[in-house]
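Enquirer: Please take these sequences and the hints and turn them into a complete structure.
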Amino acid sequence: MTAAPDVDARGLRCPLPVIRLAAAAKELPAGTTVAVLTTDPAASTDVPAWARMRGHVTVADEDHGDHRRIVVELR
Numbered sequence: 001m002t003a004a005p006d007v008d009a010r011g012l013r014c015p016l017p018v019i020r021l022a023a024a025a026k027e028l029p030a031g032t033t034v035a036v037l038t039t040d041p042a043a044s045t046d047v048p049a050w051a052r053m054r055g056h057v058t059v060a061d062e063d064h065g066d067h068r069r070i071v072v073e074l075r
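Residues 1 to 75 (the UniProt record's numbering) are what the sequence shown spells out, left to right.
No lab work stands behind these hints: they were computed from the structure.
Predicted, not measured: the structure shown is a model, and the values here were computed from it.
Beta carbons are placed, not taken as given, at the ideal position from N, Cα and C, and that holds for glycine.
One should not assume that every hint holds.
So the derived label-pair ranges between C-beta atoms look like this [as the list claims (entries may be wrong)]: (1) 42 x 6: 13 to 23 Å; (2) 26 x 1: 10 to 20 Å; (3) 30 x 65: 11 to 21 Å.
No farther apart than 20 Å at their CA atoms in a straight line, the calculated lysine to any residue pairs in the SDA-like style are these [said to hold, decoys possible]: (4) 26 x 37; (5) 26 x 4; (6) 26 x 67.
Expert: Written out as structure tokens, the structure is:
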């Protein structure tokens with residue numbers, strides 16, 4: 001598994017964190033993990049839903065105090 005640089009979507013509201021994550025994922029191979037950093041409370045629902053619809057897997061949703069870090073493994 002390879003890790004990609006984090007997608008920084010802090011300060012952006014729905015649907016922009018998912019749009020930024022999707023754009024980054026488009027360029028990455030299967031098996032890569034990509035994380036989105038977000039302050040949008042809806043992202044904890046939206047990112048896993050996007051991942052499921054695309055056949056990816058959410059592997060972490062971490063609270064970092066002022067933001068969340070949601071990690072997706074691309075399939």
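Enquirer: Mind checking the hinted window 11 to 21 Å against the Cβ distance between residue 30 and residue 65?
Expert: With Cβ atoms ~32 Å apart, the hint is violated.
Enquirer: Looking only at beta-carbon atoms, does the pair residue 42, residue 6 fall within the given range of 13 to 23 Å?
Expert: holds, 19 Å
Enquirer: Straight-line Cα separation of residue 26 and residue 4 no greater than 20 Å?
Expert: holds, 12 Å
Enquirer: 10 to 20 Å was suggested as the range; check whether the CB atoms of residue 26 and residue 1 agree with it.
Expert: holds, 18 Å
Enquirer: Is it true that the CA of residue 26 sits at most 20 Å from the CA of residue 37?
Expert: holds, 18 Å
Enquirer: Does the structure keep residue 26 and residue 67 at a Cα separation of 20 Å or less?
Expert: It is violated: about 24 Å lies between the C-alpha atoms, which goes past 20 Å.
Violation of the numbered hints given earlier is confined to hints 3 and 6; the remaining hints are satisfied by the structure.
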